[in-house]
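> Sequence:
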Amino acid sequence: MGLTMQERRVVTKALAEQFRRAGKRDKGRMLDDFVKATGYNRSYAAGLLRNHGRRVQVKPGVAVEGSVHVVRLPKARKRTYGADVAAALKKIWEILDYIGSKRLVAALPEVVPRLVEFRELKLSKRVQRQLLEISPATVDRLLQPERQRHAIKGRCHTKPGTLLKHQIPIRTFSDWDDAKPGFVEMDLVGHDGGVAAGDYCFTLDMTDVATGWSEQYAALNKAQTHVFEGIQRLRERFPFPFLGVDSDNGSEFINRQLFDYCQSEDLAFTRSRPYRKNDTCYVEQKNWSIVRRFAGYARYQGERARNLLNELYAALSAYVNFFMPSVKLVEKTRDGAKVTRRYGKPKTPYQRVLESNDASHSTKQRLRVRYKKLNPAHLKRTIESLQRKLLKEATRLTAAQTQALAAHAPGPNHPWRSHAPARTA
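Quick note: the sequence shown uses the working numbering, first residue 1, plus one each step.
No wet-lab data here; the hints were simulated from the structure. Quick reminder that beta carbons are idealized off the backbone N, C-alpha and C, glycines included. Warning: the hint list may mix true and false statements.
[As the list claims (entries may be wrong)] The calculated lysine to aspartate or glutamate pairs, modelled on DMTMM-like cross-linking and capped at a C-alpha distance of 25 Å, are:
#1 Lys78 <-> Asp140
#2 Lys122 <-> Glu384
#3 Lys328 <-> Glu311
#4 Lys389 <-> Glu311
#5 Lys380 <-> Asp33
[Stated by the list, open to error] So the derived label-pair ranges between C-beta atoms look like this:
#6 Arg129 <-> Arg42: 30 to 36 Å
#7 Asn221 <-> His361: 40 to 46 Å
#8 Arg77 <-> Gly53: 30 to 36 Å
#9 Thr80 <-> Gly39: 44 to 50 Å
#10 Arg129 <-> Ala298: 42 to 48 Å
#11 Val339 <-> Gln6: 21 to 27 Å
#12 Trp288 <-> Lys389: 49 to 55 Å
#13 Gln285 <-> Glu229: 21 to 27 Å
#14 Lys125 <-> Leu391: 39 to 45 Å
#15 Ala337 <-> Lys125: 48 to 54 Å
#16 Leu132 <-> Arg381: 47 to 53 Å
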(Lines of atoms letter the chains of each structure in order from A and count residues from 1; the text may use other names and numbers.)
(Lines give C-alpha, C1' and ligand atoms only; values in the text may rest on other atoms or scores of the structure.)
Protein backbone atom coordinates (compact mmCIF):
# COMPACT_ATOMS: atom_id res chain seq x y z
CA MET A 1 0.00 0.00 0.00
CA GLY A 2 1.42 3.41 -0.99
CA LEU A 3 1.89 6.52 1.11
CA THR A 4 -1.03 8.80 1.94
CA MET A 5 -1.06 12.42 0.71
CA GLN A 6 -0.15 13.64 4.20
CA GLU A 7 2.80 11.22 4.37
CA ARG A 8 3.98 12.33 0.90
CA ARG A 9 4.01 15.97 2.04
CA VAL A 10 6.09 15.03 5.11
CA VAL A 11 8.61 13.10 2.98
CA THR A 12 8.81 15.97 0.44
CA LYS A 13 9.46 18.55 3.15
CA ALA A 14 12.15 16.42 4.81
CA LEU A 15 13.99 15.66 1.55
CA ALA A 16 13.67 19.01 -0.31
CA GLU A 17 16.45 20.92 1.48
CA GLN A 18 18.91 18.00 1.21
CA PHE A 19 18.06 17.61 -2.49
CA ARG A 20 18.84 21.27 -3.28
CA ARG A 21 22.26 21.05 -1.54
CA ALA A 22 23.30 17.70 -3.04
CA GLY A 23 25.50 17.21 -6.08
CA LYS A 24 24.29 15.97 -9.45
CA ARG A 25 25.01 12.26 -8.79
CA ASP A 26 23.46 12.34 -5.30
CA LYS A 27 20.39 14.19 -6.67
CA GLY A 28 19.82 11.39 -9.16
CA ARG A 29 19.98 8.74 -6.43
CA MET A 30 17.72 10.75 -4.09
CA LEU A 31 15.21 11.34 -6.88
CA ASP A 32 15.10 7.59 -7.67
CA ASP A 33 14.31 6.78 -4.03
CA PHE A 34 11.72 9.61 -3.81
CA VAL A 35 9.87 8.46 -6.94
CA LYS A 36 9.87 4.85 -5.73
CA ALA A 37 8.46 5.87 -2.33
CA THR A 38 5.77 8.33 -3.49
CA GLY A 39 4.83 7.00 -6.92
CA TYR A 40 5.15 10.49 -8.45
CA ASN A 41 6.09 11.11 -12.09
CA ARG A 42 9.84 11.71 -12.21
CA SER A 43 9.62 15.21 -13.76
CA TYR A 44 6.89 16.24 -11.34
CA ALA A 45 8.88 14.87 -8.40
CA ALA A 46 12.01 16.81 -9.44
CA GLY A 47 9.94 20.00 -9.62
CA LEU A 48 8.53 19.43 -6.14
CA LEU A 49 11.95 18.93 -4.60
CA ARG A 50 13.47 21.93 -6.39
CA ASN A 51 10.69 24.42 -5.57
CA HIS A 52 9.26 23.26 -2.24
CA GLY A 53 8.70 26.30 0.02
CA ARG A 54 9.68 28.78 -2.68
CA ARG A 55 7.59 31.47 -4.41
CA VAL A 56 7.19 30.37 -8.03
CA GLN A 57 5.83 32.64 -10.79
CA VAL A 58 3.24 30.78 -12.81
CA LYS A 59 2.56 33.67 -15.21
CA PRO A 60 3.16 37.45 -15.17
CA GLY A 61 1.45 38.89 -12.12
CA VAL A 62 0.56 35.50 -10.58
CA ALA A 63 2.78 33.58 -8.12
CA VAL A 64 2.21 30.44 -6.04
CA GLU A 65 4.00 29.35 -2.87
CA GLY A 66 4.56 25.82 -1.65
CA SER A 67 4.79 22.43 -3.29
CA VAL A 68 3.98 23.27 -6.89
CA HIS A 69 4.87 22.12 -10.33
CA VAL A 70 6.77 24.61 -12.47
CA VAL A 71 4.60 25.87 -15.32
CA ARG A 72 6.45 26.68 -18.50
CA LEU A 73 4.61 29.43 -20.38
CA PRO A 74 4.51 29.48 -24.18
CA LYS A 75 6.54 32.18 -25.84
CA ALA A 76 4.49 35.36 -26.30
CA ARG A 77 3.37 36.09 -29.87
CA LYS A 78 5.06 39.07 -31.44
CA ARG A 79 2.75 42.08 -31.88
CA THR A 80 1.64 42.69 -35.46
CA TYR A 81 0.30 46.20 -34.92
CA GLY A 82 2.58 48.52 -33.00
CA ALA A 83 2.07 51.82 -31.24
CA ASP A 84 2.39 53.76 -34.51
CA VAL A 85 -0.59 51.91 -36.00
CA ALA A 86 -2.62 52.40 -32.81
CA ALA A 87 -1.85 56.15 -32.79
CA ALA A 88 -2.86 56.56 -36.44
CA LEU A 89 -6.01 54.52 -35.88
CA LYS A 90 -6.98 56.66 -32.89
CA LYS A 91 -6.55 59.86 -34.93
CA ILE A 92 -8.70 58.51 -37.79
CA TRP A 93 -11.31 57.27 -35.30
CA GLU A 94 -11.55 60.77 -33.81
CA ILE A 95 -11.83 62.36 -37.27
CA LEU A 96 -14.69 59.97 -38.13
CA ASP A 97 -16.48 60.84 -34.87
CA TYR A 98 -15.80 57.59 -33.00
CA ILE A 99 -17.77 55.24 -35.26
CA GLY A 100 -17.91 51.47 -34.64
CA SER A 101 -15.10 49.15 -35.68
CA LYS A 102 -16.87 47.55 -38.68
CA ARG A 103 -17.79 50.93 -40.16
CA LEU A 104 -14.31 52.26 -39.39
CA VAL A 105 -12.60 49.36 -41.19
CA ALA A 106 -14.89 49.91 -44.20
CA ALA A 107 -13.96 53.62 -44.26
CA LEU A 108 -10.18 53.19 -43.99
CA PRO A 109 -9.49 52.45 -47.71
CA GLU A 110 -11.14 55.77 -48.64
CA VAL A 111 -10.10 57.94 -45.70
CA VAL A 112 -6.42 56.99 -45.24
CA PRO A 113 -5.31 58.15 -48.73
CA ARG A 114 -7.32 61.39 -48.31
CA LEU A 115 -5.68 62.21 -44.98
CA VAL A 116 -2.21 61.44 -46.32
CA GLU A 117 -2.88 63.55 -49.43
CA PHE A 118 -4.00 66.54 -47.33
CA ARG A 119 -1.02 66.00 -44.94
CA GLU A 120 -3.27 65.44 -41.96
CA LEU A 121 -1.35 62.23 -41.24
CA LYS A 122 2.26 61.32 -41.94
CA LEU A 123 2.31 57.55 -42.31
CA SER A 124 4.95 55.11 -43.50
CA LYS A 125 4.08 52.65 -46.25
CA ARG A 126 4.06 49.86 -43.67
CA VAL A 127 1.55 51.63 -41.41
CA GLN A 128 -0.68 52.46 -44.40
CA ARG A 129 -0.62 48.82 -45.48
CA GLN A 130 -1.43 47.59 -41.97
CA LEU A 131 -4.33 50.04 -41.63
CA LEU A 132 -5.84 48.57 -44.79
CA GLU A 133 -5.37 44.99 -43.52
CA ILE A 134 -6.59 45.45 -39.94
CA SER A 135 -9.70 43.57 -38.75
CA PRO A 136 -12.64 44.96 -36.75
CA ALA A 137 -11.70 42.78 -33.76
CA THR A 138 -8.18 44.22 -33.68
CA VAL A 139 -9.60 47.74 -34.00
CA ASP A 140 -11.81 47.08 -30.97
CA ARG A 141 -8.82 45.86 -28.98
CA LEU A 142 -6.58 48.80 -29.90
CA LEU A 143 -9.28 51.40 -29.24
CA GLN A 144 -10.71 49.81 -26.10
CA PRO A 145 -9.02 52.27 -23.66
CA GLU A 146 -10.52 55.24 -25.54
CA ARG A 147 -14.13 54.16 -25.85
CA GLN A 148 -16.98 55.89 -24.06
CA ARG A 149 -20.70 55.65 -24.57
CA HIS A 150 -23.53 58.04 -23.91
CA ALA A 151 -27.26 57.35 -24.12
CA ILE A 152 -29.83 60.14 -23.96
CA LYS A 153 -33.37 60.15 -25.26
CA GLY A 154 -35.28 63.09 -26.72
CA ARG A 155 -38.92 64.07 -26.92
CA CYS A 156 -41.61 63.53 -29.52
CA HIS A 157 -43.01 66.73 -31.07
CA THR A 158 -45.47 65.29 -33.59
CA LYS A 159 -49.03 66.62 -33.42
CA PRO A 160 -51.62 64.73 -35.45
CA GLY A 161 -52.68 66.24 -38.75
CA THR A 162 -56.11 65.04 -39.87
CA LEU A 163 -56.51 67.04 -43.07
CA LEU A 164 -56.12 65.04 -46.31
CA LYS A 165 -55.17 61.80 -44.55
CA HIS A 166 -57.65 59.83 -46.63
CA GLN A 167 -55.97 61.16 -49.82
CA ILE A 168 -52.40 60.31 -48.78
CA PRO A 169 -51.64 56.56 -48.89
CA ILE A 170 -49.82 54.74 -46.10
CA ARG A 171 -46.38 53.26 -46.73
CA THR A 172 -44.72 50.89 -44.24
CA PHE A 173 -41.05 50.04 -43.78
CA SER A 174 -41.49 46.81 -45.80
CA ASP A 175 -42.62 48.73 -48.92
CA TRP A 176 -39.13 50.14 -49.57
CA ASP A 177 -37.55 46.90 -50.82
CA ASP A 178 -37.15 48.06 -54.44
CA ALA A 179 -36.66 51.78 -53.80
CA LYS A 180 -34.61 53.81 -56.28
CA PRO A 181 -32.57 56.90 -55.37
CA GLY A 182 -35.05 59.75 -55.00
CA PHE A 183 -37.57 58.27 -52.57
CA VAL A 184 -36.98 60.10 -49.28
CA GLU A 185 -38.34 59.95 -45.75
CA MET A 186 -38.68 63.18 -43.77
CA ASP A 187 -39.15 64.04 -40.12
CA LEU A 188 -38.79 66.91 -37.64
CA VAL A 189 -36.52 67.02 -34.59
CA GLY A 190 -37.29 69.63 -31.92
CA HIS A 191 -34.62 71.56 -30.01
CA ASP A 192 -36.67 72.39 -26.92
CA GLY A 193 -34.06 71.73 -24.24
CA GLY A 194 -36.53 69.67 -22.21
CA VAL A 195 -39.46 72.13 -22.16
CA ALA A 196 -41.80 71.59 -25.12
CA ALA A 197 -43.41 75.03 -24.95
CA GLY A 198 -42.74 78.44 -26.48
CA ASP A 199 -40.92 79.05 -29.76
CA TYR A 200 -37.78 77.04 -30.50
CA CYS A 201 -35.95 75.68 -33.54
CA PHE A 202 -36.78 72.48 -35.38
CA THR A 203 -34.57 70.47 -37.74
CA LEU A 204 -36.09 69.04 -40.90
CA ASP A 205 -34.34 65.74 -41.61
CA MET A 206 -34.65 64.12 -45.06
CA THR A 207 -33.07 60.75 -45.89
CA ASP A 208 -32.97 58.85 -49.18
CA VAL A 209 -34.01 55.24 -48.63
CA ALA A 210 -31.90 53.57 -51.32
CA THR A 211 -28.55 55.30 -50.72
CA GLY A 212 -28.82 56.71 -47.19
CA TRP A 213 -28.00 60.22 -48.46
CA SER A 214 -29.23 62.63 -45.79
CA GLU A 215 -29.70 66.40 -45.61
CA GLN A 216 -30.89 68.65 -42.77
CA TYR A 217 -32.37 72.16 -42.51
CA ALA A 218 -33.09 74.18 -39.37
CA ALA A 219 -36.32 76.22 -39.13
CA LEU A 220 -37.39 78.80 -36.54
CA ASN A 221 -40.38 76.63 -35.58
CA LYS A 222 -42.55 73.87 -37.03
CA ALA A 223 -45.02 76.10 -38.88
CA GLN A 224 -45.92 74.52 -42.21
CA THR A 225 -44.56 77.59 -44.07
CA HIS A 226 -41.08 77.09 -42.60
CA VAL A 227 -41.19 73.33 -43.09
CA PHE A 228 -42.28 73.72 -46.72
CA GLU A 229 -39.42 76.17 -47.34
CA GLY A 230 -37.01 73.61 -45.85
CA ILE A 231 -38.31 70.85 -48.12
CA GLN A 232 -37.73 73.03 -51.19
CA ARG A 233 -34.20 73.95 -50.09
CA LEU A 234 -33.19 70.39 -49.28
CA ARG A 235 -34.58 69.15 -52.58
CA GLU A 236 -32.02 71.39 -54.33
CA ARG A 237 -29.18 69.97 -52.21
CA PHE A 238 -29.79 66.30 -52.98
CA PRO A 239 -27.54 65.04 -55.82
CA PHE A 240 -30.45 63.33 -57.61
CA PRO A 241 -34.06 64.33 -58.37
CA PHE A 242 -36.88 63.49 -55.97
CA LEU A 243 -39.33 60.75 -56.94
CA GLY A 244 -41.41 60.69 -53.78
CA VAL A 245 -41.58 61.81 -50.15
CA ASP A 246 -42.80 59.95 -47.07
CA SER A 247 -43.63 61.58 -43.72
CA ASP A 248 -45.30 60.94 -40.40
CA ASN A 249 -48.83 62.17 -39.67
CA GLY A 250 -47.92 65.60 -38.27
CA SER A 251 -49.86 68.64 -39.48
CA GLU A 252 -46.60 70.26 -40.61
CA PHE A 253 -46.51 67.62 -43.38
CA ILE A 254 -50.14 66.61 -43.87
CA ASN A 255 -51.44 69.87 -45.31
CA ARG A 256 -52.86 71.26 -48.55
CA GLN A 257 -49.73 73.24 -49.47
CA LEU A 258 -47.42 70.21 -49.52
CA PHE A 259 -50.10 67.96 -51.03
CA ASP A 260 -50.66 70.33 -53.97
CA TYR A 261 -46.90 70.82 -54.40
CA CYS A 262 -46.29 67.07 -54.72
CA GLN A 263 -49.10 66.73 -57.24
CA SER A 264 -47.82 69.62 -59.37
CA GLU A 265 -44.23 68.26 -59.26
CA ASP A 266 -45.35 64.67 -59.95
CA LEU A 267 -43.94 63.42 -56.62
CA ALA A 268 -45.38 60.42 -54.81
CA PHE A 269 -46.58 61.50 -51.35
CA THR A 270 -47.06 58.80 -48.69
CA ARG A 271 -47.32 58.72 -44.91
CA SER A 272 -46.54 56.25 -42.13
CA ARG A 273 -49.01 54.57 -39.80
CA PRO A 274 -49.75 56.59 -36.65
CA TYR A 275 -47.33 55.89 -33.78
CA ARG A 276 -45.31 53.38 -35.82
CA LYS A 277 -41.79 54.83 -35.85
CA ASN A 278 -40.41 51.82 -37.65
CA ASP A 279 -42.36 52.85 -40.77
CA THR A 280 -39.91 55.77 -41.09
CA CYS A 281 -36.95 53.84 -39.73
CA TYR A 282 -34.42 55.30 -42.18
CA VAL A 283 -34.92 58.92 -41.19
CA GLU A 284 -35.48 58.01 -37.52
CA GLN A 285 -31.98 56.54 -37.44
CA LYS A 286 -30.53 59.76 -38.91
CA ASN A 287 -32.43 61.79 -36.32
CA TRP A 288 -30.10 60.32 -33.74
CA SER A 289 -26.88 59.64 -35.66
CA ILE A 290 -26.76 63.13 -37.21
CA VAL A 291 -29.10 65.63 -35.54
CA ARG A 292 -28.89 64.52 -31.91
CA ARG A 293 -25.30 63.34 -32.09
CA PHE A 294 -23.97 66.62 -33.49
CA ALA A 295 -26.52 69.25 -32.40
CA GLY A 296 -27.33 67.69 -29.03
CA TYR A 297 -30.33 68.19 -26.75
CA ALA A 298 -29.98 71.87 -25.77
CA ARG A 299 -32.65 74.51 -26.41
CA TYR A 300 -32.04 76.60 -29.54
CA GLN A 301 -34.27 79.52 -30.42
CA GLY A 302 -33.99 82.63 -32.57
CA GLU A 303 -32.36 83.57 -35.88
CA ARG A 304 -28.75 83.30 -34.72
CA ALA A 305 -29.14 79.76 -33.37
CA ARG A 306 -31.06 78.75 -36.52
CA ASN A 307 -28.27 80.13 -38.76
CA LEU A 308 -25.57 78.31 -36.77
CA LEU A 309 -27.51 75.07 -37.05
CA ASN A 310 -27.71 75.46 -40.82
CA GLU A 311 -23.96 76.17 -41.03
CA LEU A 312 -23.39 72.99 -39.04
CA TYR A 313 -25.66 70.97 -41.34
CA ALA A 314 -23.87 72.28 -44.44
CA ALA A 315 -20.57 70.89 -43.10
CA LEU A 316 -22.23 67.67 -41.96
CA SER A 317 -23.68 67.11 -45.43
CA ALA A 318 -20.21 66.58 -46.90
CA TYR A 319 -18.79 64.86 -43.81
CA VAL A 320 -21.56 62.27 -43.39
CA ASN A 321 -22.49 61.58 -47.01
CA PHE A 322 -18.92 61.22 -48.30
CA PHE A 323 -17.00 59.74 -45.36
CA MET A 324 -19.34 58.01 -42.87
CA PRO A 325 -20.15 54.38 -43.84
CA SER A 326 -23.41 52.81 -42.73
CA VAL A 327 -24.85 49.31 -43.01
CA LYS A 328 -28.09 48.30 -44.71
CA LEU A 329 -30.31 45.34 -43.98
CA VAL A 330 -29.98 42.88 -46.88
CA GLU A 331 -32.18 40.03 -45.71
CA LYS A 332 -34.48 39.20 -42.81
CA THR A 333 -35.82 35.69 -42.28
CA ARG A 334 -38.13 34.39 -39.58
CA ASP A 335 -38.10 30.85 -38.21
CA GLY A 336 -40.84 30.72 -35.60
CA ALA A 337 -39.94 33.28 -32.94
CA LYS A 338 -36.35 33.59 -34.15
CA VAL A 339 -35.56 36.43 -36.57
CA THR A 340 -32.26 36.35 -38.46
CA ARG A 341 -30.94 39.55 -40.04
CA ARG A 342 -28.15 39.78 -42.57
CA TYR A 343 -26.46 43.10 -43.26
CA GLY A 344 -24.40 44.23 -46.22
CA LYS A 345 -20.89 45.65 -46.14
CA PRO A 346 -20.72 49.18 -44.66
CA LYS A 347 -20.66 51.85 -47.39
CA THR A 348 -20.97 55.61 -47.55
CA PRO A 349 -23.99 57.21 -49.28
CA TYR A 350 -21.50 58.52 -51.87
CA GLN A 351 -20.37 54.96 -52.67
CA ARG A 352 -23.97 53.76 -52.96
CA VAL A 353 -24.80 56.53 -55.44
CA LEU A 354 -21.77 55.58 -57.57
CA GLU A 355 -22.86 51.92 -57.54
CA SER A 356 -26.49 52.68 -58.40
CA ASN A 357 -27.64 51.92 -61.94
CA ASP A 358 -30.43 54.49 -61.53
CA ALA A 359 -28.13 57.47 -60.86
CA SER A 360 -27.08 59.37 -63.99
CA HIS A 361 -23.49 59.56 -65.24
CA SER A 362 -23.46 63.35 -64.81
CA THR A 363 -24.56 63.00 -61.18
CA LYS A 364 -21.78 60.53 -60.45
CA GLN A 365 -19.16 62.67 -62.18
CA ARG A 366 -20.27 65.77 -60.26
CA LEU A 367 -19.94 63.88 -56.98
CA ARG A 368 -16.47 62.56 -57.90
CA VAL A 369 -15.24 66.10 -58.57
CA ARG A 370 -16.66 67.30 -55.26
CA TYR A 371 -15.19 64.35 -53.37
CA LYS A 372 -11.63 65.08 -54.55
CA LYS A 373 -11.77 68.53 -52.92
CA LEU A 374 -12.93 67.31 -49.50
CA ASN A 375 -10.62 66.92 -46.51
CA PRO A 376 -12.37 64.92 -43.75
CA ALA A 377 -10.08 66.25 -41.01
CA HIS A 378 -10.81 69.86 -42.01
CA LEU A 379 -14.53 69.11 -42.06
CA LYS A 380 -14.30 67.62 -38.56
CA ARG A 381 -12.52 70.74 -37.25
CA THR A 382 -15.17 72.95 -38.85
CA ILE A 383 -17.94 70.89 -37.26
CA GLU A 384 -16.34 71.05 -33.80
CA SER A 385 -15.87 74.82 -34.11
CA LEU A 386 -19.53 75.29 -35.03
CA GLN A 387 -20.58 73.01 -32.18
CA ARG A 388 -18.72 75.22 -29.71
CA LYS A 389 -20.41 78.33 -31.10
CA LEU A 390 -23.78 76.60 -31.02
CA LEU A 391 -23.32 75.58 -27.40
CA LYS A 392 -22.68 79.21 -26.44
CA GLU A 393 -25.86 80.19 -28.27
CA ALA A 394 -27.98 77.56 -26.49
CA THR A 395 -30.75 79.07 -24.38
CA ARG A 396 -30.29 78.29 -20.71
CA LEU A 397 -33.68 78.54 -19.04
CA THR A 398 -33.95 79.62 -15.42
CA ALA A 399 -36.28 77.77 -13.06
CA ALA A 400 -38.83 80.60 -13.35
CA GLN A 401 -38.71 80.53 -17.18
CA THR A 402 -39.10 76.76 -17.22
CA GLN A 403 -42.10 76.98 -14.91
CA ALA A 404 -43.68 79.76 -16.98
CA LEU A 405 -43.26 77.84 -20.25
CA ALA A 406 -44.46 74.59 -18.72
CA ALA A 407 -47.63 76.33 -17.54
CA HIS A 408 -48.66 76.80 -21.19
CA ALA A 409 -47.83 73.22 -22.20
CA PRO A 410 -50.53 70.49 -22.30
CA GLY A 411 -50.99 68.82 -18.92
CA PRO A 412 -50.42 65.11 -18.19
CA ASN A 413 -54.13 64.32 -18.68
CA HIS A 414 -54.43 66.22 -21.95
CA PRO A 415 -55.63 64.05 -24.90
CA TRP A 416 -52.39 64.78 -26.75
CA ARG A 417 -50.42 63.09 -23.95
CA SER A 418 -52.36 59.84 -24.00
CA HIS A 419 -53.31 59.94 -27.71
CA ALA A 420 -56.91 59.36 -26.57
CA PRO A 421 -59.89 61.18 -28.15
CA ALA A 422 -61.24 64.14 -26.20
CA ARG A 423 -64.35 63.46 -24.18
CA THR A 424 -67.52 65.30 -25.14
CA ALA A 425 -70.62 65.88 -23.03
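> Determine for every hint whether it applies to the structure shown.
Each hint, compared with the structure:
1. As the CA atoms of Lys78 and Asp140 are separated by approximately 19 Å, the hinted pair is consistent with the 25 Å bound.
2. Our distance criterion of 25 Å between C-alpha atoms is met by Lys122 and Glu384, whose separation comes to about 23 Å.
3. Simply put, Lys328 and Glu311 have alpha-carbon atoms about 28 Å apart, too far for the 25 Å limit, and the pair is violated.
4. Of the supplied pair hints, the one linking Lys389 and Glu311 holds, its CA atoms being roughly 11 Å apart against a limit of 25 Å.
5. A threshold of 25 Å between alpha carbons decides the hint, and for Lys380 with Asp33 the separation of about 76 Å lies outside it, so the pair is violated.
6. In this structure the hint that Arg129 and Arg42 lie 30 to 36 Å apart at CB is violated, the actual value being about 51 Å.
7. At roughly 41 Å, the beta-carbon separation of Asn221 and His361 lies within the given 40 to 46 Å, and the hint holds.
8. Hint check: Arg77 to Gly53, Cβ distance near 34 Å, so the stated range 30 to 36 Å holds.
9. Between Thr80 and Gly39 the beta carbon distance is about 46 Å. The supplied range of 44 to 50 Å therefore holds.
10. Under the hint 42 to 48 Å, the C-beta atoms of Arg129 and Ala298, about 43 Å apart, fit the expected range.
11. Look at Val339 against Gln6: about 60 Å separates their beta carbons, and that is not inside 21 to 27 Å.
12. Checked against the given bound of 49 to 55 Å, the beta carbons of Trp288 and Lys389, roughly 22 Å apart, lie outside it.
13. Look at Gln285 against Glu229: about 25 Å separates their beta carbons, and that is inside 21 to 27 Å.
14. Look at Lys125 against Leu391: about 41 Å separates their beta carbons, and that is inside 39 to 45 Å.
15. Here the CB-CB span from Ala337 to Lys125 is close to 52 Å, well matched to the stated 48 to 54 Å.
16. For Leu132 and Arg381, the Cβ-Cβ distance of about 25 Å falls outside the hinted range of 47 to 53 Å, so the restraint is violated.
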